[in-house]
Structures are given as C-alpha cells and as structure tokens.
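Undergrad: So you can see what is in the structure, the chains are spelled out below.
2 protein chains.
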Amino acid sequence: MKNVTSDRVRIKDGFWRFYADLNRRVTAHSVYDRFKETGRFDALRCDWREGEPNRPHIFWDSDVVKWMEGIAYLLEEAPAPDLEQKVDAAVAEIEAHQRADGYFNSYFLSVEPSKIFTDRDRHELYCLGHAIEAAIAYHRATGKERFLNCVLKYVDLVYRVFVAEGSAAFVTPGHEEIELALLRLYDYRKDPKHLELARFFIDQRGNNDKEDTRDCWQADRPVREIREAVGHAVRAGYLYTAMAMLAATDGDEALKTACERVFSDITTRKMSVTGGVGAEHDGEKFSYAYDLPNSDTYNETCASIALALFGNAMQELVLDSRYGDAVERALYNGFLAGVSLDGDKFFYTNPLEIDRKKYARSTYQPICERVKVFRCSCCPPNVVRVLSSIGRYMYTVGENAIYCHQFASSEVKLTVGGKEALLAQETNYPCDGSIAFTYHGAPTTLYVRIPDWCVEYEGETENGYAAFSVSDGDRVEVTLPMAVHFVEANPYVQDNAGRCAVQRGPLVYCMEEVDNGENLRDITLLENGEAQVKTEEGLPAPVLYMSAERRPKTETLYALKSHARVPFTARLIPYFAFANRGASDMLVWTMVK
Amino acid sequence: MKNVTSDRVRIKDGFWRFYADLNRRVTAHSVYDRFKETGRFDALRCDWREGEPNRPHIFWDSDVVKWMEGIAYLLEEAPAPDLEQKVDAAVAEIEAHQRADGYFNSYFLSVEPSKIFTDRDRHELYCLGHAIEAAIAYHRATGKERFLNCVLKYVDLVYRVFVAEGSAAFVTPGHEEIELALLRLYDYRKDPKHLELARFFIDQRGNNDKEDTRDCWQADRPVREIREAVGHAVRAGYLYTAMAMLAATDGDEALKTACERVFSDITTRKMSVTGGVGAEHDGEKFSYAYDLPNSDTYNETCASIALALFGNAMQELVLDSRYGDAVERALYNGFLAGVSLDGDKFFYTNPLEIDRKKYARSTYQPICERVKVFRCSCCPPNVVRVLSSIGRYMYTVGENAIYCHQFASSEVKLTVGGKEALLAQETNYPCDGSIAFTYHGAPTTLYVRIPDWCVEYEGETENGYAAFSVSDGDRVEVTLPMAVHFVEANPYVQDNAGRCAVQRGPLVYCMEEVDNGENLRDITLLENGEAQVKTEEGLPAPVLYMSAERRPKTETLYALKSHARVPFTARLIPYFAFANRGASDMLVWTMVK
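Chains as they are written, first to last, in the working numbering: chain S, 998 to 1590; chain A, 998 to 1590.
Source of the hints: derived by calculation from the structure; they are not laboratory data.
Glycine is no exception: its CB is placed at the ideal position from the N, C-alpha and C atoms.
There could be a bad hint or two in this list.
Which chain S residues stay away from chain A? Per the calculated CB distances, all over 12 Å, these [to be verified]:
no.: 1; residue: LYS999
no.: 2; residue: PHE1038
no.: 3; residue: LEU1080
no.: 4; residue: GLU1081
no.: 5; residue: HIS1136
no.: 6; residue: VAL1270
no.: 7; residue: ILE1364
no.: 8; residue: VAL1394
no.: 9; residue: ALA1486
no.: 10; residue: PRO1488
no.: 11; residue: ALA1498
no.: 12; residue: ASP1519
Short, incomplete list of chain A residues facing chain S, as computed with Cβ under 7 Å [as the list claims (entries may be wrong)]:
no.: 13; residue: MET998
no.: 14; residue: PHE1465
no.: 15; residue: GLN1491
Required output: the full structure, derived from the provided sequences and hints.
TA: Set out below in structure tokens:
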C-alpha cells in the first residue's frame, strides 16, 4: 500500500480550499516576512558575527527550509513567481555557503564552527531532515536540482561521519526528523545508502553505549521495544513516523508491532479530544496515561502535525480506519487551532481551556492570543507546509484498491492496475456528511473510511472502511450522518470527569466568553435541548446554538446546593476557530445534563 | 466585649478533649523531641559556630517559644512537671544569653550579629512577638516571672530602637505577629508603652517612605485603607488580628471598618470550604477572588489558625455570628487537618484534593502524607498551642451578656455584672447538635451562635445568635439539626463548578481512595440517596456512608456520553481525618445528582 502524494491531489473548493487559499494569500507570505525581518534568511549567508543583531539559532535553518517545503507544495498546485524567487534566493545562499565537504548549518558555520557534530541535542540533523523534505518537494514541484544536490552532498557527509567513520560525538540525533526525511528521499531516489542511513539512525536509537538513555528523548530502549509514548511529543511523533515508514519499506514485523502499540497508547490514553498530544509543558512531552488537562495542557501545533504524519505513515502499513480517524481529529482540531482565521498568527500550544483570571497564578498558563512569530518558531512554517500538502493524507492505493481516508471537494490522479485513474469527491465536508465519488479508470474497489464519530452509519464496514466496487464512470454516494454529539472521556481522565466535549462530524466545539459570558465552567448544556447548526460569515464550518443553563449570580461563597438555573442559548464555535476575536476565556469540556 | 481567656475554660470531654489529650500525651512531646534533635533548643545558647551541624535559622526562636506557649496552656489545665522543666530550661538559656540591652535572637546572636535589625524580612520581631505571647501565657499559668522579664526587657529595646531612636534599618516587621502580641501584653499589663508600640507598628505599615510597598507583604497602603486580603496569608491574618484588637482597644471606627471589609473579602471570596486560606503556594499568599483550587491550593495550617485568631478578635469588636462561623470552619477542618490522628505528624499545606498520579507532572503538588517536622516548622508548635487553648475561641462577655460562639463539653468561669458566674455545656458536638447549658450566676442573657450551616434551625436569632435569659440554676437546651448537606460554591469558583462539598454540622467531609477506589473525581453522590452517619473506632467524629455511582471502566478514550453507572456506597470521612492510612488519593468536591 502506498500513500498518494499531495502533487496528485487537487483541492477544488470547500473547507480545505479555504485554508489553501488563505495560505497562498496570507500565511506563506507572512511567515516569510517574519523570518526575513528576524534574520533567519540573512543567516543563510553564514556571516553573522558576535555583537550583531539577530543572532542565529540552532534551529533557524529548519524554520527556513520548512517554509521552502511549503512553498514547493504551493508551486505544485499553481505558479507563484514571487515565492519561487524567494526560495531560489535561499537555495543560492545555501549553495554558496555550504562547506566543501557538504556541511551546512547557518548557526554552527557562523557562531560555533568548532561544535559541529558534537552535541546530539543541538538540532543539526533535525535541520538537515527538514532540508531533505524541502529539497525533494522543490525538485518534484519545479524540476530544479540545485537544492536537492546541496542536500545530497550534505547527506553523503552525514553518512560518512556517522556510519562510515563514526567520528561524530553522538550516534543519533536528539531531535528526530532526519529519519523520516531519509526514508522519503529513499522513496524518491531509491538510493540504498539513504535507506541504510535511515535504518542506522532508527536502529541505533537506545541501542548504543555512547548516548544517555533518558526516556524523555526516546533513548531508553531500542525502537522495537517501545511500549508507550514518552518524551518530547514532536520528536517522538517524527520518530514513530519514520519507524512506520521503515517497517513498511523493510516488511519489518517487530517494528510494525511497536508502531501499532505506540499509536494505540497515544490514541487511547494520551490524546486530547482535539487530537492534541504532549500534555506536559515541561519538556513539551507526553504526560502519563490519561493525564489530559485543559488550561495547562501543552499540545504543541507541531505535535498534532506529527500525529497526523504518524497516522499517515501507518496507513501504508495497517488497514485500519483508526489511523485515518486520528489524522482527521488532529488536522481539523489540534492542528488547525494553530493558525488564525486571518492566516498570519499562530499558537505554539493549544489549550482546551482559557481562564484568563488564572494568569494571576504562578503556575504555567497558555497564551490566549496567537502571535505572528515565536523565538522558537517551528509551528508557523509547519502550518504552511501542511496547509499546502493536505492531499497527502487523503488516499492510499493498494493492490487493486483505493482507500479514501479524508474528505474534501477534490480530484486525485491515481495509478490503479498499472493504469491512470481519476477519482473526484464532491462534498461540503465537514459542514455536512454527504460525499459523492466519481470514478474513471479500471475496475477496482473503493474503500471509504467511516469515521469513528459516525456512530449512526448503518452500512457494512471492513476494518472501518465501507467498500464499493467501482468501474469507469461510476458514482458512489456516501452519507455520514452528522449529529451533534456529546463525547465523554474515559473515567481515568480525571480532569474531565462529569464533562463532555461537543463534537459534530470531525469538529470539536468550544464556548468562548465573548459569546457566552464569564464563568464558562458553570454552564450546563441540555442533552435533550435544541442544537441549531448555522453557517455564518467568515467561518469555514458551522457554529452551534444550543440550549443551556447556568446558575444565577450570588453573593455567598458557600450555600446549600440549589436548583435555580438561568436558561440561555449557548453559542459554540469550532475549536479551531477559538481566539480570533481578542482575548477571551474558552472551554471545550462542558457540563451536560 | 471581651473574649474569655483559655485559662477560664475547662474542656471536659468529647471532641476537643480527644485532641487536648492527644496533645498532652503525644503532640507536645513529639514537637519538643523533633526541635531538640534538630538543634532548635540548643541554639538558644547562641554558641553555634560555622561548620557545626544544625545551623540556626532566623525563625527557630519562634518555633521554640510557640511550643513554650502551648505548654503554658497545658499547665493552666493540669500539671506536667517534665514539660514545665523543659520550658524552664529554655527560659534559663534565653535569660543567660540575652544581650545586656535586652536583644535576643539565637540566629542573629550566633550567626549574623552585625545584621541585627537591618532587614525587615528576617523575622526578628516575629520571633519576639511569639515570645511575648508565650511569656504572658507562662506567667499566667505558673506565676514565674523570669521569661516575662526577659521579654519585657527586649520590648523596651525595641521601643527605643524603633520608636524613640528610629535607628533600625526598617520601620515595620516583614512578618507580622508582634503587633497582636503587644496588644495582648498591653491587655495583660496595661503598660501604655506597649499599646503605643503596637499602634506604631500598625500605623506605620504602608505609611512610611523607608519601606518597599509590595502588596504581597501588606505594605501597599495604610491599614485603614485595606480593602481586600492580599499577600502572605499568615502574615496578613496576624496583622488583621492585631488591627481588630487595636480597633477594639482604641474604639477606632476606621480601623474597625477596614477589619470588617477584609474579613468579608476573605470569607466571601478567598476561603476554601475547609476554612483554609492562602491558595497561592508561590508566596504562600491569597490568590485572586474566587481562585480556590483543590489539589494545588496551599492553605497553610498556620493560615487557618490566623483566620481563627482574626475571627476571635472580631468577636470583641462586632456582634455577628459570621465571625464564629469562620472560626468554627477553620478550627474543625483546615486547621485540624494539620495534625495526624496519632498526634505526631503534620501538614504544612492542606489540599482539598490529592491525585497522586499528578506527582508525575512538573507543576506544584502537595505532599500526601504528614511529616514529623519541617525545615520551616511553624505549623507543628502552632498546633500545640491551639489545641491547648481552644477555650479562647468559645466565649465573649459583654455588658450583661454572654456570647457562646463554640460548642464543647466544658465549663467556663465568667465575670457577669462584676460577679463570678459558671456556665457548663453538655454536648456531644460535633457528633450531634444537642447542647445543654447550665448556668450559675447573676441574671443575664446567654446568646448562642446558630451556625451558618444550620439552615434548619427555626428559632429567632439576633445577629445570628439565639438569645436566652438565664438566672442562677437555669438550664437551656439548644438543638442544632445536623443533616448531611451538599454545599455548592459560588459560580465564580470555576474549579468547583458542578461539584459539591459534603458537610454535616461544622465538618466538611472527603472521600479517600483507600475507601472508594481510584478515579475519585468520577464518583457521583446521589442527592436523594442514603446517607448513614456512623461513629467508628478511632475517629472523634462520625463517618458517612452515602449512595453513589460511578461509570464502569472502559477501554475507549472518547465515546458518546453514556448513562451506564455502577452503584456503590461511598465512605466519606471528616476532612480533618484524611491521610491517616498511608498515601491515598483524596477528594472534597464531588459530583452530586
């Protein structure tokens, strides 16, 4: 089974078109401008000197190349000459300042050349990983070879230093990413050296005497022995993605089992209802099982992306709709909350509750408004590249089978039975659950994921997919009933005991103070009340108006339990749309009766 | 109006006798032993030198003299020759090492003599304040004058340095206590100099150019302008107590108004249902209004004591049962949780929830088992002195009126209309709510506080007190119906939205994991279910057995809201009794339906 790459998919209109356009119009430019003004592009000249402003940082190159990757996907879809020119200029700087042996990292070359390859926690191979992905995408989009050649030269150096000579001060990178990038490179170029290098970094992890074995950096055991998700959630997610890709490439059953195990640990014990992962802000890491707090959860935007990538990789390995379910949950909620509706502001962390009064406490609290750039600004360019490559998550092609995991008004070019085929989706998803597929190509079976939220679906399913035999010209209609659901968490999730999340289709909803007044936690939604679904200007998905009640205000601090309630209509908006109208309290998990 | 001092009250049996005996038998000795072995008594010799073990600390003297004060109250009640001998030995050390000018502080004399009276945040006057209280108590109990003379000499020095010469590097102490102590000394000795010194420290606070004005140390404004409770909760409580005492002494209406205002702010916005105050662990301070978290609240044992002292002082100033209500809430819950049922282990902080899994989080979490001594061990000797002076909180005598604020099987000697009178209480309070008073003395009016929790009381009340005319030999019976109540917090208390505390009489109840299994937050008590009240071995108050339900265990992380419930009988114990059976999760605020 093979995922269909984003260049084969065209998003036509609807929800993801809204975001693709926003990205092309605003996000891609804004991220460039912020990176330009903070010196990230200038740093590529490797001529920064002590005392000058904009001191480079070890992860700056990754910011830049992730943005370049995002632009490459935009270019696959349609020309954007100004953006392409900016990418070319960056490539020229990299090419010009790459060391003769292939090494390139703007921080180390300008600030600490003596520290090259001396510290596994300083992101050199992480930066290279993102550069590999970007170079592949740019080559695929434009046919231009300079960036890819730079990267191939650097990869050769890494192979020599880490595998052939073992002369670096560490064995595996502290921040994973290069593993999955090398596997993409192998997939793109079929050079066995790249597969070997990927395998080396994966197999050596937790499996050598040179490195510390803290579990917080996924270094406590060999990867095939991983039993649960621990440590830095983004690093972990990138590693697990690479493990799944390698398992598929090598047919490695032990690795596949480890991947299934850890995916299950995440999605049944360590994932917010929004698909946010990595609850513990200290170390940006997975917390213990069922520790899914609300206002003080971390849930980095990049961690939701990593979960989507992991699910996407698992789709090539195991036929089970739960992978697509998790990808959907992450993309529509935890990931998408990372960008503002006007496209130029970002969250690094994505809380499930904001209580601004708590800012007076000494404990960790999330910011309540998005910002244009962070000092550690990994998320914004990650948003750019995901929004421009959303097609990547939609389809897998197997032996005479097409698997549709995600829904969007779109067309995809596929190879079925060795021949070109075309599959179109007409849908207004996730605003409603009707999807019409039109197929042109050789006879095959179309498998359509029936999402986990769609408990009302009555047709037969196989591994969570509804199967349809299709021949040239066939039209298949699938309707996913989209009721407003009250979702409860496992009783072990102590922070949400007695509370429900409201979900409609893949979208998790939340209440904001700006709509519903203060003291959001005291609001109760009525299980048998009204729930109006309304499409409103400026939002790519509907809002909900629901019957609710709250306690009247009172002067007393403590009193006998009362039954007095003030009825009102609560306005709920999609979680991804929170914090777009100024500072406001917000709540996902609400009381229901 | 005048509070009756503890030496006039004899606790005969019942609840507070249980604790008085425990104190006499265990607590008083254990605190001494711990302080002895940690060098606190030896430090009084002022001969510690750098490099030796048990380096003295700036607040050690306060630990020692608070213990001495507690012993003095024990001696008022009955002889305890071994303890008296230990107090005498300590007095002898203080006397022997007091400087010629009267100064005494074991830390400064042995470690930093050059720093005497240079830093307002280093507890010298706080230590002296506690010494004053201890010396009065010891003099009253034994008639021995040496300790009191030491203290009077030191107070003279303080008067000279701070008032006459103004030669100290600061004006008012960073940690309040001496203010209320000086007012007790004035009350005991009627030396106007002591009143003047107390007035000086109170009036200069927030009212001079020499000192920083951070609100966290109650230094942001003159005391008559205080509008809300801020800063370190123990320091604040001691200051407010002194303000109330001074307002009563001086008939100072502006000061009285400030006291009423800040008492109201505490009890209607900043007090846990247990009478715990000072929610913010960072700075041990009051948090913002209605910020009353559970597992991460601070609620220092000493802060509940300070609240009880403040309420006690207000009883001399304003006739209103809410002062006695707060004293009762603090004493039976937030304070008493500070000591173990076997008397020799203590909590410094008193959370309303323990979820031991949260210990894996990076954020502040309370300890879940009491310890015998702390490095900063202010609470244990404070427990000793409160348990041996509980009579202090019970009565106020006004012009031809006796006010009974607290209930205990006891006898009190009073002066009514210039003549000796005797009032006995027979009661099993708080196990049940029947109280029989027997009075011997001149005709007067007995006012009995009808507690705020007793909403079922049907008799007439005046400022919250039921009035009874009594003559010699009269017997008055008061019955306070003691139902099991579900208490809810103000909707602004976001942490407890949708939850209730269970209260019976003055006792707040809690559930422990050891009785009720894990996931306490997922338990729902049934509003119309059974609630059995049972007296059980080893506990001085009853436990409750209540109809409850919880969700069945499940493998899924998220699912549609279910109505499946497993019924069971929850066991609730008085909050003060939690954490006496090993490490266990605990919860006060529970769901009710």
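Undergrad: Take the hints in turn and mark each one as holding or not.
TA: Structure-based check of all given hints:
| no. | hint | in the structure |
| --- | --- | --- |
| 1 | LYS999 | 30 Å, holds |
| 2 | PHE1038 | 35 Å, holds |
| 3 | LEU1080 | 39 Å, holds |
| 4 | GLU1081 | 43 Å, holds |
| 5 | HIS1136 | 40 Å, holds |
| 6 | VAL1270 | 6 Å, violated |
| 7 | ILE1364 | 17 Å, holds |
| 8 | VAL1394 | 30 Å, holds |
| 9 | ALA1486 | 6 Å, violated |
| 10 | PRO1488 | 4 Å, violated |
| 11 | ALA1498 | 8 Å, violated |
| 12 | ASP1519 | 4 Å, violated |
| 13 | MET998 | 26 Å, violated |
| 14 | PHE1465 | 27 Å, violated |
| 15 | GLN1491 | 4 Å, holds |
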